[in-house]
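**Q** What follows is each chain in one-letter form.
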Amino acid sequence: MQTHFSAEQLRDSDTAASNTVLRTCVHCGFCTATCPTFVLLGDELDSPRGRIYLIKEMLESGKPATEPVVRHVDRCLSCLSCMTTCPSGVNYMHLVDHARRYIEETYTRPWPERMLRGVLARVLPNPRLFRLALRAAALARPAAGLIPTGTVTGKRMQAMLSLAPTALPSDSPAQRPQVHQAQGVKRGRVALLTGCAQKVLAPRINDATIRLLTRLGIEVVIPPEVGCCGALTHHMGQHDPAMAAARAAIAGWTREIDGAGLDAIIINTSGCGTTVKDYGFMFRDAPEAAQAARVSGLAADISEYLVRIDYQPQRGAPGLTVAYHAACSLQHGQKVTGAPKALLKTAGFTVVEPRDPHLCCGSAGTYNILQPEIAGQLRSRKLANLQERRPDVIAAGNIGCITQLSGSDLPVMHTVELLDWMAGGPQPSGLAAGGS
Amino acid sequence: MISLPEPKAETLAKRDAIIAGLRRILPDSGVIADAARLKPYEMDGLTAYRRPPLAVALPETTEQLAAILRFLHQEDVRVIPRGAGTSLSGGALPLADGVVIGMMRMNRILEINYDDRFAVVQAGVTNLGITAAMQADGFFYAPDPSSQLACMIGGNVAMNSGGAHCLKYGVTANNLLGLKIVTMEGDILDIGGAHLDAAGYDWLGLLTGSEGQLAMVSEVTVRILRAAEGQRAMLAAFRSNEIAGACVDRIIGSGIIPVALEFMDRPAIHACEDFAHAGYPLDAEALLIIEVEGSVAEQDDLLGRIRAICDDFDPISCRVSQTAEESAAIWKGRKGAFGAVGRISPDYLCMDGTIPTGQLPLVLRRIGEMSEQYRLKVANIFHAGDGNLHPLIMFDANDPDSFHRAEAFGADILRLCVEVGGCLTGEHGVGVEKRDLMHHQFTATELDQQRAIKTAFDPGWLLNPAKVFPLVAA
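If you read the protein sequences in the order shown, they are chains A and B. Mapping of the first sequence onto UniProt numbering: position 281 corresponds to residue 281, and the numbering continues sequentially without gaps. Mapping of the second sequence onto UniProt numbering: position 469 corresponds to residue 469, and the numbering continues sequentially without gaps.
Please note that the accuracy of each hint is not assured.
[As the list claims (entries may be wrong)] Derived SDA-like pairs (lysine to any residue); straight-line CA-CA distance at most 20 angstroms:
id, chain 1, residue 1, chain 2, residue 2
1, A, Lys335, B, Ala329
2, B, Lys14, B, Leu26
3, B, Lys168, B, Gly304
4, B, Lys332, A, Thr84
5, B, Lys39, A, Thr66
6, B, Lys39, A, His4
[To be verified] Going by beta-carbon spacing under 8 angstroms, a handful of chain B positions derived as facing chain A:
id, residue
7, Tyr41
8, Ala84
9, Gly85
10, Thr86
11, Arg105
12, Leu149
13, Gly339
14, Gly342
What the hints contain is simulated information worked out from the structure, not anything from laboratory work. Predicted, not measured: the structure shown is a model, and the values here were computed from it. All residues carry an ideal CB built from backbone N, CA and C; glycine is no exception.
Given only the sequences and the hints, what does the whole structure look like? Please build it.
**A** Right, here's the structure in full:
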């Protein structure tokens, strides 16, 4: 596609990278068909192709972002379904990441939204603050009905409260910085990203991951420097906090790589995995470029790694049907599609998939708080498609989706919890049938 | 360079009133009128020509569509119908004084009737969406343009779209039973219906392929078919485009009708392999994808006969897909071929000439020569069995000279198609792209007769004007 950047503009590394992305797009429109917001809203401007064009015009102009452009870029889930569909290989992720940063730096949002975003960006990546906030939310929940829903802010407040769990699980000591020794013969050594929000919302996921890996002979290290990977603020366009968080993580993992060595950096929140795998690009012009690229190269989703070390169950088939919900960050962001399903089958489950598996559930990081209406429609649609397959349980590889899809009759858990169970771990709570 | 008519000053002058009128009919989200948000609507799949419209209207019902057309007719405003905006001939290219009516919100399937084998869908349902809704029950809608994932059935009707499997099943026109249309005056008419033929004039035949110039389509009744027991694709690799072209001619000449017979040359093979990882032979100069269907015995018999013909043309390899996944990858690459060319060139012009299959070797050789003459690379990906060529001329829109050469190259190819007994367009429509070449195909009298039909439906020439016919009156 034709672009109009000046030589001066192209000296900026981000603009040059975006120009390359734009020049790859041939405007064929295939991406529109698999974009959740286009399917729902039926407007070119809410499709990837429309957004690409809006972003192109915004970047070319060099002027501050305007409300109409921000509106449509904000509605993008960053689910990256368009990247799976695109025949031309357009890296929409890098383009929209750049656009979000450009918007953050040039556009002043209305103050209630500015505050909300500020709070989200500060609280969610910080487990201590997040825990406090969730306690407060639990207290505020009975008053949720009093919030007027006539305004966008009101709707967002309601969405936030409805996402907060009623009972907060207690912290798990296993996910604190330490080294978990391998059981039996040591077959490998990995670092585990314990995450930020997940750690608070569902420590059981890290527990299951650590139990399973150590039982399979893998030493699991949790470096103290590594907190949030930066994905959350990165997706909100907040460049500096995102880079700072990522830099700390790179430093922590690099120390381990150069020390006792790492076979992989295990990530069990696929939203984070997509970003960690992109560190190489994010730090391409930074002094840490080589280290970042090495970290990205070692990053692996837990399902990828379990396939690599030949996961096998220890228990008999449980006679349960699992509906596998493919998190967008996993299926589109990382192109990990076969591994989780293959593992669940190996573990003895009957695996089914919903129709339109490529469509996002609406979670998308902070999207379900910032765009509650679209997120709500996508959630209903996804749940109906999952329930149609009559499963006993829904499995997903991302805490965002797990939170978003919880609350119906069906239990929702992380794939690794089911795999851990079948390999000798405890039965996840909330499952009806027992293992044989 | 394509020229567009001067915008009507009186229309531009009452822009605000037109937008206010649209807002009385549609909800806020259904009317787009600010410059920033009109920009992405300035073109369709033909990126060489761009023009932001006066406004965009997005109706959700036939009644809203009728109300919009009635209002715009009354105000004497030009209209540009748009589906998914995937046209490669600029069929949905806007005009500065025109209102784009986008049909994307009318995306519901209204009825599927397996007993009588038809489905009624709104114009904004995607082509693949129709098949997806009935696949589990073993039925499908046959025409399958390569953009079928995204393109919408209303646009398929407007362009009489084809596709790889039209070799056996025919194009859109052969698979339609009825239409609900809205005239420029805002009248809602039903044409045909859920039965094979209608009494009186063949209105369906007239409206199909009329490029949004006679009326707008709001609902379509399509013929649906039961899927075959099974299908397999063969990949036959050859040492030159001409040899592969000759092989196509022999297969068709022998009386075999495969479901699909597709051609890809070396640049296309490599770009598509990069995207789809289908295992295309990378050592080939030209590749034929030949698909057969039916019972296993039927498939074996046809594949055996086709293989014997291919063997006469010294193939580099012949491979039959063994699994459904393998076939899916082969088609994913073929259907994504145009987009995949984006991997090797920032821009392309996609031609759509159709020729008698006997002329394939000659025309392919001439295209190769012209490619050198114009110093532009070309990728050939097309429906060989139908003789429907799609040379993709690669250029760089940031380099105006390369664009002008690409335009001239394209025109030469299409003139050649007409010279050897073919025509300007197989399935993409004339649009704006081939408009000025129409006098190579038709005499002045023939064009005048066609214009008279347009005038009968739309005396004010408000519906998708400046397309199909050369601007200069004959």
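**Q** If a hint holds in the structure, say so; if it does not, say that too.
**A** How the hints compare with the structure:
1. Annotation: proposed proximity of Lys335 (chain A) to Ala329 (chain B) holds, straight-line Cα distance about 16 angstroms (limit 20 angstroms).
2. In summary, the hint linking Lys14 (chain B) to Leu26 (chain B) is supported, as the alpha carbons are separated by about 19 angstroms, within the 20 angstroms threshold.
3. With a CA separation close to 19 angstroms, the supplied pair Lys168 (chain B) and Gly304 (chain B) stays within the 20 angstroms bound.
4. For the suggested pair Lys332 (chain B) and Thr84 (chain A), the alpha carbons sit about 12 angstroms apart, so the restraint of at most 20 angstroms is met.
5. Annotation: proposed proximity of Lys39 (chain B) to Thr66 (chain A) holds, straight-line Cα distance about 14 angstroms (limit 20 angstroms).
6. At roughly 14 angstroms between alpha-carbon atoms, Lys39 (chain B) and His4 (chain A) fall within 20 angstroms of each other, so this suggested pair holds.
7. Hint on Tyr41 (chain B) holds. Least Cβ distance to chain A is approximately 6 angstroms, under the 8 angstroms limit.
8. For Ala84 (chain B), the suggested interface contact is upheld, since its CB lies about 6 angstroms from the closest CB of chain A, less than 8 angstroms.
9. Annotation: Gly85 (chain B) was flagged as interfacial toward chain A, and the flag holds, the nearest CB pair being 6 angstroms apart, inside 8 angstroms.
10. Look at Thr86 (chain B): its Cβ gets to within about 4 angstroms of chain A, closer than 8 angstroms, so that hint holds up.
11. Hint status for Arg105 (chain B) relative to chain A: holds, with the closest Cβ pair at about 4 angstroms, below 8 angstroms.
12. Residue-level restraint check for Leu149 (chain B) holds (minimum Cβ-Cβ distance to chain A is 5 angstroms; threshold 8 angstroms).
13. Checking Gly339 (chain B) against chain A: minimum C-beta separation of about 3 angstroms stays under 8 angstroms; hint holds.
14. Look at Gly342 (chain B): its Cβ gets to within about 3 angstroms of chain A, closer than 8 angstroms, so that hint holds up.
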